[in-house]
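Numbered according to this note's numbering, the sequence shown terminates at residue 698, and the numbering increases by one at each position without gaps.
Hint data in this document are derived by calculation from the structure and do not stem from the laboratory. Among the hints, erroneous ones may be present.
[To be verified] The following label-pair restraints were derived from C-beta to C-beta distances:
1) R615 x D246: 37 to 45 Å
2) G498 x E404: 16 to 24 Å
3) E223 x Q559: 19 to 27 Å
4) S527 x Q559: 22 to 30 Å
5) S527 x R615: 21 to 29 Å
6) D170 x E223: 19 to 27 Å
7) A334 x V672: 15 to 23 Å
The C-beta atom is built at its ideal place from N, Cα and C for all residues, glycine as well.
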Amino acid sequence: MSFTLNDRPARVTATRGAAAPRRRTRVFALPEARWAAAALVLFLIALPLQLTGAPACAWGPLYALAYVTGGWEPAWAGLQALREKTLDVDLLMIVAAIGAASIGQVMDGALLIVIFATSGALEALATARTADSVRGLLDLAPTTATRLLDDGGEETVATEDLMVGDTLLIRPGERVGADGRVLDGAGEVDQATITGEPLPVPKESGDEVFAGTLNGTGSLRVKVERDASDSVIARIVAMVEEASETKAPTQLFIEKVEQRYSVGIVLATLAVFGVPLAFGASLTDALLRAMTFMIVASPCAVVLATMPPLLSAIANAGRHGVLVKSAVVMERLGQIDAVALDKTGTLTEGTPRVTDIRPLPGARPAGPAGPGGPAGLTELTELTEDGLLSLAAAAEHPSEHPLARAVVAAARERGLVLPDVRDFSSAPGVGVTAVVDGRTVAVGAPARLLTDAADPAVALVVGELEDGGRTAVLVQCDGVPVGVLGIADRLRPDAAATVAALTTLTGSAPTLLTGDNPRAAARLAAEAGITDVRAGLLPQDKVTAVREREAAGRKVLVVGDGVNDAPALAAAHTGLAMGRAGSDLALETADAVIVRDELATVPAVVALSRAARRLVVQNLVIAGVFISGLVIWDLVGHLPLPLGVLGHEGSTVIVGLNGLRLLRDAAWRRAATPAGDDR
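When you get a sec, could you build the whole thing from the sequences and use the hints?
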């Protein structure tokens, strides 16, 4: 009986590079988030009451509570900074908010408090989520393992109690409990979490295996070679934490001068108050002039000159599938001048596909088939591509191997009907065997299926495919090779255009960093237009490559998706993670996430960041002109307080509206074209 691929039974398959169990700090578990939310709610209740003309006794206490709930933490932090003889903008913002309230601008001060409290809460949440993902990575390694005893028995022990020299039994479907070396057995291990390779790797005696990787088929006896604290998974955790701690502190432009600016305003305000008083001015006039000076010179307009363009760019990028985690990240994206790309799941789709179908028309049967025997191979000497694929897919249909799924998927795309299958068997590292319409069909690794006397033509086709970076799969019928399939991960459709755009933006071609084999990496890189290829890398090697570029004065953007990319994402100037297939650790460690896995958005968001930085400079010039003019007026002449407030608020409105220009879709369209960035 034949069957179609639509009849294929559902089954559960392992996801490439399975993620660790998810640990997530809830938003309101953080005190910063609770205080910020309380301040926001109070502000949103008070604002409509004030605007609708309600008496001050109705909205005044609400604003006061918003000041307290949202401002006490930055005020306390500012006071502690004062004890260490430093002065920051946080404390100055609190003083400015109180000053605004003292002259009747209660709503403006409350808004400033809410903005600062919300910003602090978001920063605390980002820090907590990153810590969650790092801790969750340790859950990739199993908590128990099967240890073999000297008398031939076995026992279940905690992986943390394993000692170097212990022998473990790894059954099919189990995760490896410790880093070690295979003593006996054969299997295929999915180690995408460590190396990023898209396909399981055959393992046999003498091969190294890593804790947390998944054994597919076949049993393995593994000798432990490293303590749990020194495993590759543990070292990845350590590298992420170290990179996060040693990464240079990031600050917005205005924050880089906050200390001098804050001290300058405080000293100037005291001088504006004290000097006239010393020369006989009345206390009221001196206080009014000093208060006016503090209001017009306060950094509110400067802060808003910086934030609206960056926040608008964040919102615009979010609408187009890029989640940028903070204004600091948006600013940093525009500074990058080098790019490093992961291969599997980033530059490629991360799913193996059949790329070549090569029938072997010269196949001959080992002996003549009798009239009552199975159909002779003379029928197979003229195999078409569909015939070869149908034969291979029928044999592979019961298998869970990723290569088998690729073959069956290719048959599904062609709408092929598969013949009847019986007596299916699978050999780890070799392939599968099944009886298809009376013929014994074997599909698997050419090196294992071919004999020394194999047809040179078969070896030629296999070599040609492997030299092109493809995985060759041999199909035999009744012991005779009838065709070869080439399987490879496929380049994303927008990969080449993205590489070209990033080259234009940064002035240098991206680097490819991958744990995959050099031939496959070189083939994909050539298709994408990348010449600098570094293959066969473990996570620590990727970090080393990034730090080498950083040490040379480059600001590197790393784009990746897996656990093995997380240390490099943390060590880089800026990290971008692919969202759909990305591991939890990569998503939390990265500074931004490409939600829809559209690689073309990478150069677009970089160009948008540069546009935002240009608007920040424009706004700072506008704010500086207003502040300078108002300050000079107040010092040289007599600036009425209402006029000073009006000028101050007017400059804030102007810079705010200018920054909102980046909310328009036209800003993204300009950024998404090569002409959209003018370095």
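- Of the hints given before, which are not true for this structure? none
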